[in-house]
Amino acid sequence: MTITGSARKRMADAPWSQGRREAGFSMTELVVVISILSVLAGIVVNSMSQYLEGGKIALAEERQEMLNRAVYTFAQQNYQIVSSPMGETSGDELAILRTLQYRDPNIYRAKLGSPYIDPRYNPGTSSSPEDYRLQWTGKVFKVLAPGDSGSGLLMNFDGTDFTTPFAFPPDFQMAGN
Numbered sequence: 001m002t003i004t005g006s007a008r009k010r011m012a013d014a015p016w017s018q019g020r021r022e023a024g025f026s027m028t029e030l031v032v033v034i035s036i037l038s039v040l041a042g043i044v045v046n047s048m049s050q051y052l053e054g055g056k057i058a059l060a061e062e063r064q065e066m067l068n069r070a071v072y073t074f075a076q077q078n079y080q081i082v083s084s085p086m087g088e089t090s091g092d093e094l095a096i097l098r099t100l101q102y103r104d105p106n107i108y109r110a111k112l113g114s115p116y117i118d119p120r121y122n123p124g125t126s127s128s129p130e131d132y133r134l135q136w137t138g139k140v141f142k143v144l145a146p147g148d149s150g151s152g153l154l155m156n157f158d159g160t161d162f163t164t165p166f167a168f169p170p171d172f173q174m175a176g177n
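With the first letter of the sequence shown counted as 1, position 120 gets the number 120 in the working numbering; the numbers rise by one all the way through.
Think of the hints as simulated: they come from the structure by calculation, not from any bench. Hints are supplied without guarantee of correctness; some may be wrong.
[Said to hold, decoys possible] Derived lysine-lysine pairs resembling DSS-like cross-links, with alpha carbons at most 27 Å apart: (1) Lys56 / Lys139; (2) Lys139 / Lys111; (3) Lys56 / Lys142.
[To be verified] DEER-style ranges, computed between Cβ atoms: (4) Thr137 / Asn106: 28 to 38 Å; (5) Ser128 / Pro165: 51 to 61 Å; (6) Tyr79 / Arg120: 17 to 27 Å; (7) Asn68 / Val33: 49 to 59 Å; (8) Val82 / Glu130: 44 to 54 Å; (9) Pro129 / Val33: 40 to 50 Å.
Where a beta carbon is used, it is the ideal one built from N, C-alpha and C, also for glycine.
Please work from the sequences and hints to get the whole structure.
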């Protein structure tokens with residue numbers, strides 16, 4: 001599209017173009033806007049990190065409650081699991097977890113309500129004081145927050161601890177008794 005001479009004159013004489021500079025931002029305006037946005041971003045990032053930490057604590061406590069509910073339900077259907085904590089290893093936590101996930105393949109010996117925990121829940125273990133962990137105390141699970149010493153089931157907050165169901169060996173022995 002070509003602008004002819006008369007159209008160009010009309011555009012130059014338009015009221016919005018008289019006495020005004022060209023559209024755009026000056027360098028000063030850009031610096032002020034960017035500095036204001038950076039201050040706001042710093043405030044948002046700081047507050048969001050507090051919310052994320054609160055979410056991690058809530059999820060860890062929810063997993064603890066899930067495991068403890070399963071322990072109580074298992075005790076009502078079978079026997080109370082009493083197992084001494086093994087200290088620095090996470091073998092007892094995994095043994096309790098696998099007991100709660102086990103369902104006897106023989107339908108006549110399978111316990112009502114089993115498995116008590118989803119068999120797809122396959123957390124790793126950790127003894128790092130930088131991780132959230134779930135530790136067996138002998139009767140229940142408790143949350144170990146970062147900074148606490150001890151080993152336990154590793155809390156993953158990205159959902160990677162739910163994978164394919166655990167394959168139980170034919171000679172599986174349940175924990176406790």
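Distance restraint hint 44 to 54 Å, applied to the beta-carbon atoms of Val82 and Glu130: About 31 Å separates the Cβ atoms of Val82 and Glu130, which means 44 to 54 Å is violated.
Do Asn68 and Val33 keep their Cβ atoms within the hinted range of 49 to 59 Å? 52 Å, holds
Cβ separation of Ser128 and Pro165, checked against the hinted range 51 to 61 Å: 27 Å, violated
Is the hinted pair Lys139 and Lys111 satisfied, with a Cα-Cα distance of at most 27 Å? 21 Å, holds
Decide if the proposed pair is consistent with the structure: Lys56 and Lys142, CA atoms, cutoff 27 Å inclusive. 15 Å, holds
Just to be careful, I want the Cα atoms of Lys56 and Lys139 compared with a cutoff of 27 Å; is the pair within it? 24 Å, holds
Falls inside 28 to 38 Å, the C-beta gap from Thr137 to Asn106? 32 Å, holds
If I claimed the Cβ atoms of Pro129 and Val33 lie 40 to 50 Å apart, would that claim hold in this structure? 43 Å, holds
Look at the Cβ atoms of Tyr79 and Arg120 and judge whether their distance stays inside 17 to 27 Å. 25 Å, holds
When each numbered hint is compared with the structure, violations occur for hints 5 and 8.
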